[in-house]
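**Q** For the protein sequence lines, the chains are A and B, in the order given. According to my numbering, the first sequence is numbered sequentially starting from 1497. According to my numbering, the second sequence is numbered sequentially starting from 41.
Among the clues, some could well be false.
Sample of chain A residues with no beta-carbon within 10 Å of chain B, all distances over it, derived [unchecked claim]:
no. : residue
1   : 1621
2   : 1663
3   : 1695
4   : 1696
5   : 1736
6   : 1770
Some but not every residue of chain A turned toward chain B, in silico, with C-beta under 7 Å [as the list claims (entries may be wrong)]:
no. : residue
7   : 1607
8   : 1616
9   : 1619
10  : 1627
No lab work stands behind these hints: they were computed from the structure. Computed from a prediction, not measured in an experiment: that's the story for all the values here. Positions of the beta carbon are idealized from the N, C-alpha and C atoms, including for glycine.
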Amino acid sequence: MSSDQANYFAGTFDQKQLRRHILAMAKAGNAVHIGCSFSLVEILAVLHRDFLRYPGNDPEHPERDYLALSKGHGVMAQYACMLERGWLDDGHIAGYFSDGSALMGLSDSRIPGLEVTSGSLGHGFSVALGLALAAKRRGSGQRTFCIVGDGESNEGPIWEGALLAAQHKLRNFITIIDENGLQAMGSTSDIMDLGAMDAKFASFGFETAVVDGHDEAALHRVLTQFCQGQDPRPKALIAKTVKGKGVSFMDNNNAWHYSRLTDETFAQANHELEV
Amino acid sequence: MREVFSKFLVDLAKKDERFILLTGDHGYALFDALRRECPNQYLNCGVAEQNMVGVAAGLARGGFRPFVYGLAAFIPTRVVEQIKLDIAHDGLPVVLFGDGAGFVYSTLGTSHQCAEDMACSRAIAGLDVYSPCDDVEMAWALERAYAGQRPSYIRIGKADVGAVHGQPMGQDSAGLCPLAGASDQPLALVATGSMVALARDLAAEFPASMAAYSLPLIKPLPSAALAALAQRHRAIVTLEEHSVYGGMGSAVCEALSEAAPLPIKRVGIADRYSERCGSYAYLREEHGLTLAQVRAQVAAFGERLGLPLAA
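For reference, chain A alone in the conformation it holds in the complex (with noise of 0.2 Å):
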């Protein structure tokens, strides 16, 4: 437990500060998908506090365990934990969306830390069930977690890739979709109905839970249970979200999907994000 332990950044990932950097990018390159990102954070805390392993905090470390961001529209949640992590700078932030600068609005593989090229949707899956799968030929006792969007489980390929994950009984594989049921244009149910998204993950043959996303005391308790327990089954946690989820004003306001901010919006969303 010790020598693995070293393996874990001792980071607070704190909320709050989390989402003060998501907004400070958006500001910073008047960018959009706020929204998409503040659904992600509580999941991001979590995972890089306690579960993701990267030997000598390298993101390119090759035993390293791998998160996929195939839901690519919440980089600037990733990006916020990679600065608190020491990958990203101040700079980046400043100069995020400036001419010549590396940080793309969608998750891209070039940059240490984000395992795929993902913003079309469908694809980030696919690459991490191939490097879950990779892991485990290799017999190595990597991890990949994945984070798919509800509004990117339209996609085919998510679900070929359910069978494939199934068929390959890669407990090692452990996706979590962000279902804060609003997709660009609307709400889940009004366009693409999912219906109950951990009896159709059970029924391509995961392990499955349904929690509170923004709930980190019980995404840690399903997420060690996933890590720890026997089933041999890949995994799905259902983590029920609320996009925006942080600011009264984006709260469950889908608008915050394109909106960007304004310096009155920044300083409100800042002022209520305060210790």
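Fit chain B to the supplied structure of chain A, relying on the hints for placement.
**A** Below, chain B alone, put in the same frame as chain A:
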């Protein structure tokens, strides 16, 4: 070509434990030897090509050397975006195979016939594209794609039109191969895949007028060798069992319009789908790609340029 392919896979599986063959539930009998001798290096991903290509990318990122097999109508045509984003974007060493390109599935209609794969794959940045015509070119392409560790697509068209090369190609080949009798005749026939044997036979009828070349490397195109070829001849005819839009002929035009402009005629599949069902030979005729039809097209092209064909 399929025997060479099958044997290469078995030999590679035994030599390189990182090798793994992925198929989208295609390749009946083609992988019998591999499944028998190296069953752990064969993965049937089911009828799910999009996911299969992403999984191959993940396996490559995790240290493996995936080869992905499908029909050309599906790999690469159905999964262009997965190849672009998941594989080529990161330069991953994944080798993709598109079997049955052109009119091989002559009786199955538009879904299985494929005139678009070279156009699709050529447009993907960082992806190499091969179109071998016989066992020798197939062996060359396989070895080059594996050793090069680059994202690669190998097109397999009609596979049993006979051997063209008498001896192995060196790995230093530029990927543009003069066939017997080629020197400085007025017309150069540049053919790829299933059209190479036809080009060879047509050139043999008019040895004073035509030289024939095989072009198995579509991308990166051997531009310098093509420019040198263009200096030796007065006009070029390209021949391919692929759309005349975006394929090998287009690639040759693009390269030579800058490097060594000269008249070029593209012989290939026109902008339409097959209208009728029938044998492979029947469909080649429906699309104007028999020896007699091509001879007439080339003769007319030569006449327009003041280069009448001469035996």
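**Q** With reference to the structure, classify each hint as holding or not holding.
**A** Going through the hints against the structure:
no. : hint : verdict
1   : 1621 : 7 Å, violated
2   : 1663 : 8 Å, violated
3   : 1695 : 21 Å, holds
4   : 1696 : 16 Å, holds
5   : 1736 : 26 Å, holds
6   : 1770 : 40 Å, holds
7   : 1607 : 11 Å, violated
8   : 1616 : 6 Å, holds
9   : 1619 : 5 Å, holds
10  : 1627 : 4 Å, holds
In the structure shown, a violation is registered for the earlier hints numbered 1, 2, 7, in ascending order.
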